[in-house]
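Q: Sequences are here, hints too, so could you generate the full structure?
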Amino acid sequence: MAGSNTISADAKPSLPRGVRLVHNEAQGGWVLLAPERVFKADAIAHEILKRCTGEASVQTIVDDLATTFNAPRQRIHDDVVKLLVSLADKKLLEL
Amino acid sequence: MLAPASLPSPLGLLAELTHRCPLGCPYCSNPLALDKRSDELDTATWARVFREAAGLGVLQVHLSGGEPAARRDLAAIVKAVREAELYSNLITSAVGLTPQTLKTLADAGLDHVQISIQDSEEKSADHVAGYDGASVRKRALAAEVVKLGLPLTVNMVVHRANIARVEAMVDLALSLGASRVEIAHVQYYGWALENRAALMPTREQVEQAVAQVETLRTKHHGQIVIDAVVPDYYARFPKPCVGGWGRRSINVTPAGKVLPCHAAEVIPGLEFWNVREHSLGDIWRSSPAFNAFRGTDWMQEPCKSCALKEKDFGGCRCQAFLIAGDARAADPVCHLSPHHALVEQLAGVREDIPYNYRHI
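Sequences listed follow chains A and B, in order. When you line the first sequence up against the numbering used here, it's residues 1 to 95, in that order. When you line the second sequence up against the numbering used here, it's residues 1 to 360, in that order.
No wet-lab data here; the hints were simulated from the structure. Hints are supplied without guarantee of correctness; some may be wrong.
[As the list claims (entries may be wrong)] For each label pair, taking beta carbons as the anchor points, the in silico distance ranges come out as: (1) B:K309 / A:A43: 28 to 34 angstroms; (2) B:E277 / A:T6: 55 to 61 angstroms; (3) B:R203 / A:R20: 40 to 46 angstroms; (4) B:R217 / A:G29: 25 to 31 angstroms; (5) B:G133 / A:S86: 37 to 43 angstroms; (6) B:S286 / A:G28: 40 to 46 angstroms; (7) B:T101 / A:F69: 26 to 32 angstroms; (8) B:K304 / A:A9: 53 to 59 angstroms; (9) B:V229 / A:A26: 23 to 29 angstroms; (10) B:H335 / A:P16: 39 to 45 angstroms; (11) B:R217 / A:P16: 18 to 24 angstroms; (12) A:T6 / B:R217: 19 to 25 angstroms.
[Unchecked claim] Cross-link-like lysine-lysine pairs, in silico, PhoX-like; alpha carbons within 25 angstroms at most: (13) A:K90 / B:K147; (14) A:K91 / B:K147; (15) A:K91 / B:K219.
Ideal placement from N, C-alpha and C gives every residue a C-beta, glycine not left out.
A: Rendered as structure tokens:
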């Protein structure tokens, strides 16, 4: 099995070519467009994904979210890793 | 005319740019009566259709055919999809699409490429496509797609002649650098219905192939996404065809006719509207064909009182007509259909006869 359950804190996640985060009123908010698939991004997913620019590390993203939303760092960390791993497994994210 | 408050927003537009194609695959989903080149919509009309689609909430445009590269204005069409802020997916045979054109498409904003490959064995693949040398060209173009940094899906249509090679097909997709592979069992409409006896696998073959896909998904988890289109003649429950009639998808034919699904024209008595005369929004909301089987009011028993009616929408309307003789009947694939035995009987008709290749 090639998938894994952890991500290095130094990894700088980005959306690969062919995966785009867009806002669409008719579909009720933010959606992630991917090869022949569409995923609705809830508010949390959107906040995480818009930071996946290939420039910020996972650690930076977690710190930023914890500060912005004044939330426990560990919980944010777990949410971020869970989402990023699931997207990477679906080939929707580069790490 | 006022649209019902609950009118859904479509997600995808299948743009059949042309019916012209160098290949002759005997399971082609195009209708038996193909549109002529002289009847094809022009670039400007397609651009308008894409803008109207975006206005309806469509997110993705699947540029298909025939072979979309048979159109000289393909780059302008891709650009128009991008300008409408939609996601563009090119569904190609890769035959007749040069690396130069592909580069132009990538520069115009193409998001994703899907290449069909007829088998992992080259000789068999070329035989199915009815085109000598197709395999070599497809593999070469797949490499170009990856080189340009575009995501690649390999589409493998599965039937009796190649069903034993599902594992080799996934390995081939991996070796070509695809991030996604479709193992698509033939659906029997259009040319595939004409060739059903020559294409139909046995129940044992299908069960083995389905189990193999599960094993391969685990084995290649995180490396490649394996999506499967299930072989419904051996199923007990029907597929939620196109995600429900007039609910998620729109299909525009080369000549501009707008269909709820690519096979819908087989159902007699449906009135389809054309983008030359109506806006896509009007068609989605008000055309008789789109409203014919929208929602659940049209259903009969056993669908009407079924707990799954909002999940599978009674299955496929075309299949209900083609096999049960009534487009309002339950899809006979469903074990609750009074016509279910007929499906098993039809699946039992298998003959090793030459393909009736798709032709004009």
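Q: Does the structure break any of the earlier hints, and which numbers would those be?
A: Those not satisfied are hints 6 and 7.
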